[in-house]
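Undergrad: Each chain, letter by letter, is given below.
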Amino acid sequence: MTSHVARLYSLAAAILVFFVAWAAIAAHPWNNHPAAAQDPRYAVLKAREQRLRAESVAVKRILARRWAVYRAQLALRRHEIATIKSANARARAASLVSAPAAVSGGGGGYAPSVRVVTLPPLTITRTS
Amino acid sequence: MKTDPTFWLLARASGLTAYVLLTSSVVAGLTVKAKPLGRRIKAAAATDVHRFLALLGLGAVAAHGLVLTLDQTVKMPPVGLLVPGLSPYRPLAVGVGVVAAELMVLIYASFSLRRRIGARNWRRLHYLTFGVFAVATVHGLAAGTDRWAFGLYAGSVALVAGLTAWRILMKGGTSDVPHRNRPVAV
Amino acid sequence: MYRIEIDRSLCSGMASCVKIAPDTFDLDDDGIAIVAGDAGEGAIEAAECCPFAAITVFDQANGTRIV
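Protein chains in written order, with numbering that gives the first Met the number 0: chain A, 0 to 127; chain B, 0 to 185; chain C, 0 to 66.
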């Protein structure tokens with residue numbers, strides 16, 4: 000009495016077992032050849048890999064420290080610039096109030112002074 | 000420079016699959032009469048599954064052997080699949096596997112020939128399946144490179160041994176059936 | 000009350016039927032099952048437990064197939 004359903008399930012299970020076995024075996028590469036484990040080049044490679052890993056950790060630490068120092072100095076410098084700029088602006092405003100003729104040269108001499116005037120129109124337009 | 004290990008991996012995968020299928024077939028065969036799950040499994044369905052699993056196992060064994068001849072590292076000669084001991088890699092362990100495979104083919108074919116050899120002889124021959132299972136286990140442990148699969152072998156042996164013990168205990172210790180000419184104990 | 004038929008080409012001498020209903024079934028010299036006695040209720044269980052489905056049970060009165 001052939002049980003077709005059971006046969007199909009058996010076939011599916013067999014195929015599944017095969018692929019799971021293949022995946023599990025492929026995931027254990029150190030079992031491929033017993034000779035590979037005793038290869039001296041393999042030991043050298045492993046040691047080098049560990050050294051490189053330790054090095055990269057040390058390098059990361061040093062870099063992080065230097066970056067922190069740089070960022071602190073940058074913040075300080077920016078603060079300096081902002082302070083000077085605000086001082087210049089205040090000086091210019093003070094000179095404008097005292098001398099409305101707006102002659103340049105007020106303040107620290109860093110920024111040129113500006114005079115706003117209303118000029119006559121360049122063109123005259125007439126409709127139609 | 001390592002050569003492509005694909006055939007090596009496939010050989011190991013197909014070998015493990017064949018062992019799992021063989022174990023499943025033996026378990027199914029024991030279930031036909033031992034019935035550990037009671038009446039839920041029909042005897043005729045269990046027999047059909049038992050035969051089908053054996054056939055699938057044979058297919059996996061055939062794939063296992065074929066792929067091994069294709070692998071360039073082991074360099075198994077095709078005739079080494081038929082004659083035990085000709086493998087250049089672990090000849091004894093592989094030869095044991097060849098023996099197991101050939102016995103498996105023999106036993107599978109014997110079912111079609113049971114008319115010719117007689118039902119009683121066929122049943123006696125069929126007990127050889129336990130031998131096939133044992134030899135296949137030895138081959139897997141000795142020739143295989145997947146030591147991590149040891150748990151699989153241990154579990155399979157435990158399962159088969161357990162079910163066999165159940166069957167022997169269930170039958171009351173006798174493996175012979177009463178025959179008209181033989182005195183039947185009442 | 001039951002009529003039993005055994006398909007000799009399917010039987011392999013497993014003797015599950017003999018174990019279940021020893022009054023009804025037995026093995027002949029070739030190791031194939033034969034009907035050796037009256038068919039009781041055990042015949043139905045034996046037919047269901049035959050590993051090769053070689054036993055067919057009919058109702059003797061109206062001939063319908065039971066197993």
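What the hints contain is simulated information worked out from the structure, not anything from laboratory work. Ideal Cβ positions, reconstructed from N, Cα and C, are used throughout, including at glycine. It cannot be assumed that every hint is accurate.
With beta-carbon atoms standing in for the labels, derived distance ranges [as the list claims (entries may be wrong)]:
| no. | chain 1 | residue 1 | chain 2 | residue 2 | range |
| --- | --- | --- | --- | --- | --- |
| 1 | C | Gly62 | B | Ala61 | 42 to 50 Å |
| 2 | A | Arg40 | B | Ala133 | 40 to 48 Å |
| 3 | B | Val137 | C | Asn61 | 54 to 62 Å |
| 4 | B | Trp147 | A | Leu73 | 23 to 31 Å |
| 5 | B | Leu85 | A | Tyr41 | 30 to 38 Å |
| 6 | B | Ala61 | A | Val58 | 29 to 37 Å |
| 7 | C | Asp28 | A | Thr1 | 23 to 31 Å |
| 8 | A | Glu54 | B | Pro76 | 46 to 54 Å |
| 9 | B | Ala92 | A | Ala23 | 52 to 60 Å |
Undergrad: Range hint 23 to 31 Å: satisfied by the CB atoms of Asp28 (chain C) and Thr1 (chain A)?
TA: holds, 30 Å
Undergrad: Within 30 to 38 Å: is that where the Cβ-Cβ distance between Leu85 (chain B) and Tyr41 (chain A) falls?
TA: holds, 32 Å
Undergrad: Okay, Ala61 (chain B) versus Val58 (chain A) on CB: inside 29 to 37 Å?
TA: Since Ala61 (chain B) and Val58 (chain A) have Cβ atoms about 56 Å apart, the given range 29 to 37 Å is violated.
Undergrad: Looking only at beta-carbon atoms, does the pair Glu54 (chain A), Pro76 (chain B) fall within the given range of 46 to 54 Å?
TA: holds, 50 Å
Undergrad: Is the distance from the Cβ of Val137 (chain B) to the Cβ of Asn61 (chain C) consistent with 54 to 62 Å?
TA: Between Val137 (chain B) and Asn61 (chain C), where Cβ atoms are some 58 Å apart, the hint holds.
Undergrad: Kindly confirm whether 23 to 31 Å is satisfied by the beta carbon distance between Trp147 (chain B) and Leu73 (chain A).
TA: violated, 55 Å
Undergrad: Can you let me know if the beta-carbon spacing of Gly62 (chain C) and Ala61 (chain B) is within 42 to 50 Å?
TA: holds, 48 Å
Undergrad: Taking 40 to 48 Å as the hint, is the beta-carbon distance of Arg40 (chain A) and Ala133 (chain B) inside that range?
TA: For Arg40 (chain A) and Ala133 (chain B) the Cβ distance comes to about 41 Å; the hint holds.
Undergrad: Take a look at whether the Cβ-Cβ distance between Ala92 (chain B) and Ala23 (chain A) falls inside 52 to 60 Å.
TA: violated, 21 Å
The structure fails hints 4, 6 and 9 (numbered hints given earlier, in ascending order).
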